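Chains as they are written, first to last, in my numbering: chain A, 8 to 261; chain B, 3 to 627.
By construction, these hints were calculated from the structure, which means they are not laboratory data. Treat the hints with care, as some may be off.
Listed next, the in silico DSS-like pairs over lysine-lysine satisfying Cα-Cα at most 25 angstroms (straight line) [said to hold, decoys possible]:
(1) B:Lys324 x B:Lys413
(2) A:Lys147 x A:Lys129
(3) A:Lys225 x A:Lys196
(4) A:Lys129 x B:Lys362
(5) A:Lys147 x B:Lys324
(6) B:Lys290 x B:Lys91
(7) B:Lys324 x B:Lys528
(8) B:Lys278 x A:Lys147
(9) B:Lys528 x B:Lys362
If you're wondering where the values come from, they're calculated on a predicted model, not measured in any experiment.
Residues per chain are reported as follows:
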Amino acid sequence: MESILQISDLTKVYGFRGNHYPALNGLSLGVGKGEFLGVMGPSGSGKTTLLNIIATIDRGSRGVVMINGQDTQRMRRGDLTRFRREHLGFIFQDYNLLDTLTLRENICLPLSIANQTPAEIKARLSSVTQTFGLHDVLDKFPAQVSGGQKQRAAAARAIISNPTMVLADEPTGALDSSSAKVLLQTLEKMNQSLGITILMVTHDATAASYCNRIVFLKDGRIISELRRAAQQPRRAFFDQILSVVALMGEKEAE
Amino acid sequence: MIYLKLAYRNMRRSLRDYAIYFFTIVLSVMIFYSFNSLKDQPVMVEVCRQAGIESNIIAVLLGFASFFVAFIVAALVLYSNNFIIRRRKREWGTYLLLGMNQGAVARMLFLETLGVGAIAYLLGIVTGVLFSGLMSVLFATLLEVAFPARIFTFSLYSILLTGVFYTLIFIGVGIMGSFSVSRHSLASLLVANRTNEAYKARNHWVTVMLGIVSLAVLGFGYWIGYRAIANSNFNPMNPVFILVAALMVVGSFGFFYVGLGFVFSILCRIDRFRWKGLNTFTMQQILKKVNSNTLVLTAANILLAMIITSVVFLVAFQSLLKQNQAGALPYAYAVLYLEPDDVVGFDAVANANPLNPLLKKLAITRYLTEVSSSDLVLPQDTDKNDSPILSFNDSCSAVGMSEYNAVRQAKGLNPVNLDEGVIAIQTGALSQPFTEKIQKAAGQGLSLNLAGSSYTVGQVVSEPFVSVVSSSMCMLVVPDEAVAELLPDGAATTLMYEYANGQDPILEENLLNEINRVGRGYWTSKQEEAANLKMIQVFIMFPGLFVEIILLLACGSVLGLQQLIETVDSARHYQGLYNLGAEDRQIHRSIFQQVTFYFFVPVALAILHSLVALSAFNKLLGGRL
Chain A
8 MESILQISDL TKVYGFRGNH YPALNGLSLG VGKGEFLGVM GPSGSGKTTL
58 LNIIATIDRG SRGVVMINGQ DTQRMRRGDL TRFRREHLGF IFQDYNLLDT
108 LTLRENICLP LSIANQTPAE IKARLSSVTQ TFGLHDVLDK FPAQVSGGQK
158 QRAAAARAII SNPTMVLADE PTGALDSSSA KVLLQTLEKM NQSLGITILM
208 VTHDATAASY CNRIVFLKDG RIISELRRAA QQPRRAFFDQ ILSVVALMGE
258 KEAE
Chain B
3 MIYLKLAYRN MRRSLRDYAI YFFTIVLSVM IFYSFNSLKD QPVMVEVCRQ
53 AGIESNIIAV LLGFASFFVA FIVAALVLYS NNFIIRRRKR EWGTYLLLGM
103 NQGAVARMLF LETLGVGAIA YLLGIVTGVL FSGLMSVLFA TLLEVAFPAR
153 IFTFSLYSIL LTGVFYTLIF IGVGIMGSFS VSRHSLASLL VANRTNEAYK
203 ARNHWVTVML GIVSLAVLGF GYWIGYRAIA NSNFNPMNPV FILVAALMVV
253 GSFGFFYVGL GFVFSILCRI DRFRWKGLNT FTMQQILKKV NSNTLVLTAA
303 NILLAMIITS VVFLVAFQSL LKQNQAGALP YAYAVLYLEP DDVVGFDAVA
353 NANPLNPLLK KLAITRYLTE VSSSDLVLPQ DTDKNDSPIL SFNDSCSAVG
403 MSEYNAVRQA KGLNPVNLDE GVIAIQTGAL SQPFTEKIQK AAGQGLSLNL
453 AGSSYTVGQV VSEPFVSVVS SSMCMLVVPD EAVAELLPDG AATTLMYEYA
503 NGQDPILEEN LLNEINRVGR GYWTSKQEEA ANLKMIQVFI MFPGLFVEII
553 LLLACGSVLG LQQLIETVDS ARHYQGLYNL GAEDRQIHRS IFQQVTFYFF
603 VPVALAILHS LVALSAFNKL LGGRL
């Protein structure tokens, strides 16, 4: 399988003047094209730090992060911006939609930032609106639609520029269970029928069960990994995830 | 007591936000105090004393402007108070969650506001005293006024006025704040710093209607204001100006509130524009700012209009004074308002001092004619709406050609030569358009009747003549033989004397004695005339500059505070855009566009206001601006 993301020996240390605290501790991880990877772990395990570094919003202290064959740790700020625009899509827990723009304008923002022509923008927009079923709410403002619709708009915005990889940070964190389910099914569909690589950080086992591989983080490194077998029912995968989580909890208790 | 303690701790803890709030209030107190202390400034008092004018008149003259300054200062305080409330809702939510009741939180908030207000008031007064003192010195130096030894003054009037005004504002602000705590649910307070200001999507047609209404209000305000100014009985104290001020404020407010939204909603229909870079974001950002800061924008806009108007006014005033200087006396002394028979006596007095011999003398007498100003222009040009202060029923006086030319020569000007049956017209401190109308009439062979004979107008002289001789309107220059047929225009003879040694107190006393003896007349000197002119200049320019700087400062702080708060508030948005892959360049351009636009819009509307005001004043002054 073609590798999209290759992280080796990534370390991130916060703090200064002898008051160090490592958020990532020599972490290595590979993600192949078309994977739907879940990253799980308790609070403080380094999930968000890892995601920020992959998102090129933050930099590691040591180590290499290769995305699509390019080392993002060595890039300059201006190149990173272009890289992020061309290769990455984001879905955040708090949607990160601009409240002054309509959903249509929010979704198209990455394309207009990249100075695409109005015709191209329209074409891309109609294809993603179909995927996410947002047709009726395109001209509403974020404040006028439900949380689930907001998050689907954020997901549409994430994939409108055809990114190499979509990064999702607790995308269901603020949603009720039925909205969460719709969103996760959409992500699954994006992954399966459009072949989009997704990396999702979550602490919710249900959300994680939609993934096809899960890595478990603790104290800044990967301590366990689960792969969903071909044709394995989601329910079974969910039970498997719960047992790993329980196991991690037990170790903690000892 | 616990509330006092908590309030004190709160202030210390949210120091950065409070610093913005606090310094805004200090600045606003300083502005308000300085503005109202003008009449008590030692330099101003001195200028008024020299001009023989009661210095209280300054406060009355500035009455109109002080209305606006109060409005702006109140807007500044309210705006920064809104900011602090928004930033701190969550903190209050925490108190409520911990079991403090709403009344207690509201009371605490009220105490905080009053405490901060009191300290800011004291500091503002002190900085105001320093600031206004320094401004006085600066402008006194610029205008070359000798300023008194005491520079800094505590204007009791202004301190009290500021105190009363701010007490009212702070009570209002405190009540508003307490109200906003008790009105909100605990949950909404707790998440307050994460939710955005509610964005109101407006109905398109409502926007259009409101836009038209606000334009109509503005237009109505322009119309009333124009008529009240460009009117022969113009009165700065006319209460109609309060109505005009209110209409301007309301109209401008409406314009900012809906006008831009309307323009942007049209721009949003152009795909090429809409989907280019951050255009949509920038537009919506501006719109949001304009909508949520309409009050601030209105204040800045009104201020700018006042500043532009008064700067143009001061510049025009300066050029008027220059014109007056051209009409200065050619000789050291002049005696005015004499009968022709008095000349012999005054000449004897003028020649009496052998130590300061009389070098040159001139006499010029004005004569009465039956020609009125309206006879000088074509009938179709005697437009009643033309110039409200020019009355066309004034009769014109006449001077003899040789006396007139003698004065011209003394001033170093070429004499005017008239053929038989021809006269000239010397325009006084007249308006340019009126002079042009006379020239037009003269070009079409205007002829006038003087004592039964008909004369044609050969020449129109518009260079300034000696201003103490020429009337404000115009003067006919007629051949000497024609003068013999006319009667002197009352006590209308002017004598001018030039001496070897210039100023001479003995001569001045002698002239005064002679004036008292004949029972009419008035003496003046070149120096005194210059000093009078200078004093008028200082009397207008000093308060003009002083007020200008204060208004500019107020305007700068309004827009500056606005941008500062905006930056603090919207950092999150820019981070979001950066994450989406917007380049630094794009983001910077967007911010630049927002700031530029934000500045440009009030300036553009202010220029419009000023144009209307200035054209009205221009009309009032007969086109001399």
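Taking the hints in turn, this is what the structure says about them:
{"no.": "1", "hint": "B:Lys324 x B:Lys413", "verdict": "holds (16 angstroms)"}
{"no.": "2", "hint": "A:Lys147 x A:Lys129", "verdict": "holds (17 angstroms)"}
{"no.": "3", "hint": "A:Lys225 x A:Lys196", "verdict": "violated (30 angstroms)"}
{"no.": "4", "hint": "A:Lys129 x B:Lys362", "verdict": "violated (92 angstroms)"}
{"no.": "5", "hint": "A:Lys147 x B:Lys324", "verdict": "violated (63 angstroms)"}
{"no.": "6", "hint": "B:Lys290 x B:Lys91", "verdict": "holds (21 angstroms)"}
{"no.": "7", "hint": "B:Lys324 x B:Lys528", "verdict": "holds (15 angstroms)"}
{"no.": "8", "hint": "B:Lys278 x A:Lys147", "verdict": "holds (20 angstroms)"}
{"no.": "9", "hint": "B:Lys528 x B:Lys362", "verdict": "holds (15 angstroms)"}
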